[in-house]
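2 protein chains.
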Amino acid sequence: MTLYHVDFEPIGRRGDCSDEQSLLESARQLSVDLVSICGGMGSCARCKIQVASGQVSELTIDEKNNLTERELAQGYRLACHTFPRSDVKLHVLPDSLSAPQRTQVEGLEVTVQPDPFVRAYDVQLTPPTIDTPVPDDVALWHSLANQHHLQPGSIDLSVLQTLSQQLRDLNWQARVAMSENEIVAISSPSTRWLGLAVDIGTTKIAGYLVDLESGKTLASQGLMNPQISYGEDVVSRINVARRSQADAERLQKLLVDALSQMAADLCAQARARANPTDIVEAVVVGNTAIHHLFLRLPVEQLGLAPYVPAVRAALDIKARDLGLQIASGAYVHLLPNIAGYVGADHVAMLLATRIAESNGIVLALDIGTNTEICLNNRGKLTSVSCASGPAFEGAHIKFGMRAAPGAIEHLLLTNEKLEYQTIGNAAPVGICGSGLLDIVAQLKSNGVLDHHGRMGEHPRVRVGNHLREFVIVNEQERDGLDAITLSQKDVRELQLAKAAIRMGIQALVEANGLAENDIEQVIIAGAFGTFIDVSSAITIGMLPPLPLERFTQVGNAAGTGARLALISREQRVQAKRIAEHDGYIELASVPNFNRKFAEATNLG
Amino acid sequence: MTLYHVDFEPIGRRGDCSDEQSLLESARQLSVDLVSICGGMGSCARCKIQVASGQVSELTIDEKNNLTERELAQGYRLACHTFPRSDVKLHVLPDSLSAPQRTQVEGLEVTVQPDPFVRAYDVQLTPPTIDTPVPDDVALWHSLANQHHLQPGSIDLSVLQTLSQQLRDLNWQARVAMSENEIVAISSPSTRWLGLAVDIGTTKIAGYLVDLESGKTLASQGLMNPQISYGEDVVSRINVARRSQADAERLQKLLVDALSQMAADLCAQARARANPTDIVEAVVVGNTAIHHLFLRLPVEQLGLAPYVPAVRAALDIKARDLGLQIASGAYVHLLPNIAGYVGADHVAMLLATRIAESNGIVLALDIGTNTEICLNNRGKLTSVSCASGPAFEGAHIKFGMRAAPGAIEHLLLTNEKLEYQTIGNAAPVGICGSGLLDIVAQLKSNGVLDHHGRMGEHPRVRVGNHLREFVIVNEQERDGLDAITLSQKDVRELQLAKAAIRMGIQALVEANGLAENDIEQVIIAGAFGTFIDVSSAITIGMLPPLPLERFTQVGNAAGTGARLALISREQRVQAKRIAEHDGYIELASVPNFNRKFAEATNLG
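Listed in order, the protein sequences are those of chains A and B. Be aware that the first sequence starts at 325, since it is given in this note's numbering, and climbs by one per residue. Be aware that the second sequence starts at 325, since it is given in this note's numbering, and climbs by one per residue.
The hints are simulated quantities; they were obtained by calculation from the structure and are not laboratory data. Please read all numbers here as calculations on a predicted model, not as lab measurements. One or more hints might be untrue.
Chain copies aren't distinguished; within one or between two, either way the pair holds.
Stated by the list, open to error - Below, a list of computed lysine-lysine pairs in the DSBU-like style, where the Cα atoms sit at most 30 Å apart:
1. 813 x 372
2. 372 x 704
3. 642 x 813
4. 388 x 528
5. 722 x 900
6. 704 x 813
7. 577 x 642
8. 577 x 704
9. 900 x 388
10. 813 x 413
11. 413 x 372
12. 722 x 642
13. 540 x 722
14. 900 x 642
15. 920 x 741
16. 704 x 768
17. 722 x 413
18. 920 x 540
19. 577 x 768
20. 577 x 813
21. 372 x 920
22. 413 x 900
23. 741 x 413
24. 528 x 920
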């Protein structure tokens, strides 16, 4: 037995592994949660990895059969069939990782040249004397003019309230943070000005602490949206906010306090000294309802036809007006919304995916309880919002659950042989969204479900509670617990959810005089979209039947978009352009909606 | 006896008076407090009035002797020697009124063409439909663009928070208040937008409610500055604010709450319906210390050489950031300061007196505990601040008091004959500032005080407490109470106060290479400056010995300046120009300060 150093990137797990164990076994040894449904038989082809450097064992027949020519040319291998023959460095695709680990590596890179909205200027002031008793603000603007060629602008009240003392304490040397022509913070010359980018999802909040000068992300954090105690979906929260002013204020305060805490935590997490008061700008994105709840904007009209937002425009709000504990003079920038159900988070996603810059025909979608879809038809953007419902998050599905340990996330059915993979390889307890898609797709491929989603015969199909159900894990396998099943009703729920998405895609395509096959690229963003198996989504007819290489799964692109807007003026201009020129379609106003929707429920 | 209708303007007192009583007696009958020291003998010439219309009795010899040719030509008469011969309308000069009544009529007129910073726009919006679900902010900007050719700008957060509901409640018709390109308030189409102008003095606050569209003052109010409980002068309040954050906050809150109450009172006073939330802008002026205390700006450096303000620039602060209860999105505009002891109130006074627009050589001064003086030398402005002390307000003078009933406000000494006038013709209890000036001037004219202010012999001079003192009202006349006297020490106090002012004038004149006699016009502003007898001020050497017609007393010009800045953009530009181009001189840095000051203490 020889030991080789095996390095799994980009998650950065590495260690010495025996040449006698496969890379799949090495991955398990090093806690890399590679997906493997078939248990290492080489048949499911889910444990794909790319060999970046080093020598490995010869290609096997199974690999040649299960990998495409392109994949083979790019050095892809099946981890279960490959053994190290030297120290090796491996690249793991997000696709091949189990859901919880996947979120750690996902998200598009921030690649723009930093040109932040808030800029830093170091100044050296001339102290006043009895012969030249220059007021402090005048002295500051003099130095900014002489040393940086800036015109006098304004100074935030909170800065003015500490300015005189600070200038004297700092011996007339200071670093200034300027937003446009307003001084929003002042500190010692060594201060590193920070930015906070936040994507507030209905369920989760993702926050990033960014060095404004370098554009680098110093720390990141995810947490639950505390509003969830007032309702899992935005409609119930809108109803809470409508009850009374006090309720609306409580909903806002929950979010603001969570963000203040996040800012403090991120600063503590960042390696070098960082203070929340060094955060001189924040960019916040969220769907339109979350955006409105965060700002205490009226939400009543969001819940009633024609579902219009109070505000579409990008906003700059003083942090203190919201109660957010960062620099008091800092602004919170809210990216623009597009419509009542296409919010700033969608705009951020479009920024991050650079879809607006494309000259081709590109579709971008963020799948969730509400699915926002945007089509760029050679420069012309159109968006639509579909009420896809909470089935993907486990709601209304008998054994549905979120992506957590024990959730069946991938499944393979070959005639009567059923194989599945759970998150964390734990004992199965339910089915998460990607598992649900896989099951329905496999049942369809195996002829257990027909075109209309009707469940037929199969040794695992039984009738329970007057409904047919497909048994995934039976009572014996669960030591007497209830069997994990998928019922006819569950299939119907998924059909409704996927129909909404497919209809949205078709509405966009038709409004642009195109056919689905004209779509050159499909970008799937958001946590759930990242976990799904695209082939399964095509099989059940949720996504159009395009060649797989046209699809890209990009993870939390909204958070990336927020970071882009934080460090790039150009990206803010782009966001404004997107929001103003997006030709939003209200799905309910599509002609023959009902007939089209019914058609879209068909599987495949 | 015949009754005629006698009308005293501009104080608006009128009634039927006998042709057998003089106009002085008619004035008393109608509660018009005309000054009369000689008691109607025609010798003091203080009860001057101008006959605007109607017939009166023939001119007497005493009148011909005591009125100038110019006064006679303009219809001036002595009220004590004039009798009505028809219904008459009389114009009363501020000079001829007793102090408390004078403040009611004083103050320069607001004469500029209204061009307010905050503008009103009526709009009619198109409601959203399911086919055109236009966001509310976008719909609002559309209507402003279509109906008023305005470019989209920003909307205050507090406006956004009520916008959607308001637009629906108002059936999509609204009136908008715009400050630059920001919407700061929105209401029903009939709303009259209001402005609040406030002059915060160290002792008193004067507030004005203004109709922004017409520029008319709808109501005005004066009240005591509540900070007075923390010290009569600004230096003691600076010391309080330096003690702790909590003290500084308390001082600010006192002012802000007083202004909020004033806004409510003024609205209640205004005839037509007016709400504090209709006040969409406020302009506030005050001396630099008051300005800083109002904004919670640091004041420590104001109390230490070189006495620099934290802020010179004009500021626009959201009313909510100060806690001021007017429209939440409204701005409070603070006019610029010039120096640590030449504040925004001085700039406002310069605006109101239009001194900056003059091409001549004009001096403007606001006499008080601190006296600010500005010289316009053919377009070039220079200001100085003099610590004249609180003697004029009665402090450090044994029988000194504020201008209140019973205060001796004017006095005449002819050899041994002493005549005086008290405010409200009440029994004398003390001496107010204008009385103090008169007494010292009369003692000097009658040779009781020499050039150096040393008290000599006179039947009314006695020695009490090792000090010489001049008896104004003796014990018998006061029914056994202490005699009202002026001591040698009181004279010294006044000499110090007046020396500071005269030195300031001389410093300005010298810095400009001029002589005092080159001054073509002297404008005396402020409450105290309005009450004084200019001849007395010249006699004691407080003011330079220029012909009387070069002097004008204009009352509370700072309040007028604040109103000008509220309703005129041009006046704000002018204020900025004044503050930036004023060549402030620090009196302490004048060469040979001590020798010059000693010289300036000389009387006459």
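We went through each hint and held it up to the structure:
{"no.": "1", "hint": "813 x 372", "result": "neither (34 Å within a copy, 102 Å between copies)"}
{"no.": "2", "hint": "372 x 704", "result": "neither (37 Å within a copy, 82 Å between copies)"}
{"no.": "3", "hint": "642 x 813", "result": "neither (49 Å within a copy, 57 Å between copies)"}
{"no.": "4", "hint": "388 x 528", "result": "neither (41 Å within a copy, 93 Å between copies)"}
{"no.": "5", "hint": "722 x 900", "result": "neither (43 Å within a copy, 71 Å between copies)"}
{"no.": "6", "hint": "704 x 813", "result": "neither (40 Å within a copy, 88 Å between copies)"}
{"no.": "7", "hint": "577 x 642", "result": "both (15 Å within a copy, 22 Å between copies)"}
{"no.": "8", "hint": "577 x 704", "result": "neither (39 Å within a copy, 55 Å between copies)"}
{"no.": "9", "hint": "900 x 388", "result": "neither (48 Å within a copy, 80 Å between copies)"}
{"no.": "10", "hint": "813 x 413", "result": "neither (46 Å within a copy, 96 Å between copies)"}
{"no.": "11", "hint": "413 x 372", "result": "within (14 Å within a copy, 105 Å between copies)"}
{"no.": "12", "hint": "722 x 642", "result": "neither (46 Å within a copy, 54 Å between copies)"}
{"no.": "13", "hint": "540 x 722", "result": "neither (44 Å within a copy, 72 Å between copies)"}
{"no.": "14", "hint": "900 x 642", "result": "both (20 Å within a copy, 26 Å between copies)"}
{"no.": "15", "hint": "920 x 741", "result": "neither (36 Å within a copy, 111 Å between copies)"}
{"no.": "16", "hint": "704 x 768", "result": "neither (36 Å within a copy, 91 Å between copies)"}
{"no.": "17", "hint": "722 x 413", "result": "neither (42 Å within a copy, 95 Å between copies)"}
{"no.": "18", "hint": "920 x 540", "result": "neither (47 Å within a copy, 64 Å between copies)"}
{"no.": "19", "hint": "577 x 768", "result": "neither (47 Å within a copy, 72 Å between copies)"}
{"no.": "20", "hint": "577 x 813", "result": "neither (39 Å within a copy, 64 Å between copies)"}
{"no.": "21", "hint": "372 x 920", "result": "neither (38 Å within a copy, 95 Å between copies)"}
{"no.": "22", "hint": "413 x 900", "result": "neither (42 Å within a copy, 67 Å between copies)"}
{"no.": "23", "hint": "741 x 413", "result": "neither (35 Å within a copy, 114 Å between copies)"}
{"no.": "24", "hint": "528 x 920", "result": "neither (33 Å within a copy, 75 Å between copies)"}
Hints 1, 2, 3, 4, 5, 6, 8, 9, 10, 12, 13, 15, 16, 17, 18, 19, 20, 21, 22, 23, 24 from the earlier list are contradicted by this structure; the remaining hints agree with it.
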